[in-house]
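Engineer: Sequence:
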Amino acid sequence: MDRLLEVKQEEVKIDFELRTKCRTRINMRNLMQTMHVAFKVQSTSPSMFSVRPPNGCIPPRAELSLEVILVPQNELPEFFPCSKDKFLIKSAMAPGGFSTERIPGEWFASRKKHVFLDAKLRVVFSGAFLLRHLVARGEIDDVRFVIQRRSHPNKPDDQTGRTALHIAAASGNVDMVEMLLEAGAIVDVVSKSGQTPLLEAVYMGHFEIVLSLLGRGASTEAKNSIGWTAIHLAASWNHVDIVSLLIEKGAELEAADREGRTALHSAVTEGHVECVKLLLEAGADPDARSLDGRTALYRAAAKGDEVLAELLLEWGACKDLKTADGKSPYDIATEKNHATVLSALRRGNGLMTAARKGNLQMVRKHLGQGAKVSGGDQYGWTALHCAAFKGHGQVVDELLAYGANVDSRDVEGHTPLHCAVEAGHKEVVQLLIRRGADVDAKSVRGATPLNIAVLLKNAALLRFLLNGSDGSFVQTVGAQEGLLPDDSPRLTRRDRHPRRNSLVCVQ
Numbered sequence: 001m002d003r004l005l006e007v008k009q010e011e012v013k014i015d016f017e018l019r020t021k022c023r024t025r026i027n028m029r030n031l032m033q034t035m036h037v038a039f040k041v042q043s044t045s046p047s048m049f050s051v052r053p054p055n056g057c058i059p060p061r062a063e064l065s066l067e068v069i070l071v072p073q074n075e076l077p078e079f080f081p082c083s084k085d086k087f088l089i090k091s092a093m094a095p096g097g098f099s100t101e102r103i104p105g106e107w108f109a110s111r112k113k114h115v116f117l118d119a120k121l122r123v124v125f126s127g128a129f130l131l132r133h134l135v136a137r138g139e140i141d142d143v144r145f146v147i148q149r150r151s152h153p154n155k156p157d158d159q160t161g162r163t164a165l166h167i168a169a170a171s172g173n174v175d176m177v178e179m180l181l182e183a184g185a186i187v188d189v190v191s192k193s194g195q196t197p198l199l200e201a202v203y204m205g206h207f208e209i210v211l212s213l214l215g216r217g218a219s220t221e222a223k224n225s226i227g228w229t230a231i232h233l234a235a236s237w238n239h240v241d242i243v244s245l246l247i248e249k250g251a252e253l254e255a256a257d258r259e260g261r262t263a264l265h266s267a268v269t270e271g272h273v274e275c276v277k278l279l280l281e282a283g284a285d286p287d288a289r290s291l292d293g294r295t296a297l298y299r300a301a302a303k304g305d306e307v308l309a310e311l312l313l314e315w316g317a318c319k320d321l322k323t324a325d326g327k328s329p330y331d332i333a334t335e336k337n338h339a340t341v342l343s344a345l346r347r348g349n350g351l352m353t354a355a356r357k358g359n360l361q362m363v364r365k366h367l368g369q370g371a372k373v374s375g376g377d378q379y380g381w382t383a384l385h386c387a388a389f390k391g392h393g394q395v396v397d398e399l400l401a402y403g404a405n406v407d408s409r410d411v412e413g414h415t416p417l418h419c420a421v422e423a424g425h426k427e428v429v430q431l432l433i434r435r436g437a438d439v440d441a442k443s444v445r446g447a448t449p450l451n452i453a454v455l456l457k458n459a460a461l462l463r464f465l466l467n468g469s470d471g472s473f474v475q476t477v478g479a480q481e482g483l484l485p486d487d488s489p490r491l492t493r494r495d496r497h498p499r500r501n502s503l504v505c506v507q
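Going by full-length UniProt numbering, the letters in the sequence shown line up with residues 1 to 507, in that order.
It is worth saying that the hints were derived from the structure and are not from the lab.
Since the model is a prediction, treat every value here as computed from it, not as a measurement.
Glycine included, each C-beta is placed from N, C-alpha and C at the ideal position.
A portion of the hints provided could be inaccurate.
[As the list claims (entries may be wrong)] BS3-like, lysine-lysine: derived pairs with alpha carbons at most 25 angstroms apart:
hint, residue 1, residue 2
1, Lys223, Lys277
2, Lys21, Lys120
3, Lys327, Lys303
4, Lys457, Lys426
5, Lys442, Lys457
6, Lys322, Lys303
7, Lys86, Lys40
8, Lys277, Lys322
9, Lys192, Lys223
10, Lys336, Lys303
11, Lys120, Lys40
[What the hints assert, rightly or not] Computed beta-carbon distance windows for the label pairs:
hint, residue 1, residue 2, range
12, Arg19, Gly293, 46 to 56 angstroms
13, Gln42, Ile226, 54 to 64 angstroms
14, Gly217, Arg19, 33 to 43 angstroms
Turn these sequences into a full structure, and let the hints guide you.
Structural biologist: Here it is as structure tokens:
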């Protein structure tokens, strides 16, 4: 026989915390059928560890649990997670009836006694504190080691509330993040500042980790303490690739922080042109207002950012919306003497006005000065809409030659062709059709240019439109007295746009 005791543990595992008395247990069983067994536990670092009881006697086949205590430490162990410290458990045969207090120490030193070395246990440090520390150091093998010893990945730091996953996400180590997630780390765990691991990764610009966390179901709409979501952070820090990914994953573009600011506000405030473009192309509202009434255009004007002001104007940002204290983008640009922004604001207005008036010379002048041919107002109307509605064929031709989108749409889905048909401008209708206008384009409410021509009973316009139509409205033309079939959209007249009375489709 090479031992008298069975020791249940293969190592002494201590969940380490700074300045805390850390405890664990060693469980033993007497293997003897009839004899008492005396034992003694020795540590290679008796100044750090104590054992209760350190020695004693175990009856036949009985079990005993010892408590191991690490005295409070003000610093990390010199070696971790595997320590150089060990515990030795020795045993010897003992006559029955011996108590712990009566076991002579010389029993385990005397050469006359047959002393067994039943176990030699190494000390292993683990626990959530060390797990977070090892994650921060990027020690992936050691992290794996402590995870295998059931170190809880979701236990947060008492002061910050950050878990190991927060730290890994901020560090940029994809393998570490994946390991923690496999170990059961909660993907949307929230720190005391409201940060989730996704928000940490977005803030630091770690695209691969953002992709990994989103793949594990991380919420794009979690908000930190100031109400910022992932897309706010990405836009504010100019992480273009992450902004694009969040848009692809369906992040809410109009999510507002505690001050009512959207991601577009954040991107404009920081002057990040590419992020602004991505957000606008994805459908972000250029006229969204924060609680103080400021729009993205107002912020661009206040900063004197001509590039962003022109970009927002091109996407239809309204120049006339005022803040809570009554200031418009014009007002703030004037107040701060941002001449280039004022010029951009005026150019947009000038082109629209010239197009509406049919002043070809002024249209060319404004375009030559850099006015955006596709810029629109708050209703989505472009210069081409204005010229088409007013019947200014030369202006329409000039705008199209300059690159205007023949099928540009206002907020209700009306194209310049809708406008020209409604106003009854035959020549402009012909021009737009020749330049490729979609005669079957439907507004938001389902009205096509052909619908409008039928309602107006304009036979000349119907002929032009039918030549370019896919034939789906041939029945409409043949209807008695020009009325629409029963299953066609019904048109009515109402005041929709401040510049005109328009035809809209009402189901």
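Engineer: Against this structure, judge whether each hint is valid.
Structural biologist: Outcome of the hint check:
Pair hint Lys223 plus Lys277 holds up; C-alpha atoms about 23 angstroms apart against a cutoff of 25 angstroms. For the hint pairing Lys21 with Lys120, the CA-to-CA distance comes to about 23 angstroms; that is within 25 angstroms, so the pair holds. This hinted pair checks out: Lys327 and Lys303 have alpha carbons roughly 15 angstroms apart, not beyond 25 angstroms. The straight-line distance between the Cα atoms of Lys457 and Lys426 is roughly 13 angstroms, inside the 25 angstroms bound, and the hint therefore holds.
For the hint linking Lys442 to Lys457, the alpha-carbon distance of about 19 angstroms falls within 25 angstroms, and the restraint holds. Taken as a hint, the Lys322 and Lys303 pair is honoured in the structure, with Cα atoms around 16 angstroms apart against an allowance of 25 angstroms. At roughly 14 angstroms between alpha-carbon atoms, Lys86 and Lys40 fall within 25 angstroms of each other, so this suggested pair holds. Proposed proximity of Lys277 and Lys322 is supported: the alpha carbons are some 23 angstroms apart, at most 25 angstroms.
Pair hint Lys192 plus Lys223 holds up; C-alpha atoms about 12 angstroms apart against a cutoff of 25 angstroms. Distance restraint check for Lys336 and Lys303: the Cα-Cα separation of roughly 9 angstroms lies within the 25 angstroms cut-off, and the hinted pair is therefore satisfied. A C-alpha spacing of about 12 angstroms is found between Lys120 and Lys40, which places the hinted pair at or below 25 angstroms, so the restraint holds. Distance hint check for Arg19 and Gly293: the Cβ-Cβ separation is about 51 angstroms, which falls inside the suggested range of 46 to 56 angstroms.
Distance hint check for Gln42 and Ile226: the Cβ-Cβ separation is about 56 angstroms, which falls inside the suggested range of 54 to 64 angstroms. At about 37 angstroms, the CB distance of Gly217 to Arg19 agrees with the hint of 33 to 43 angstroms.
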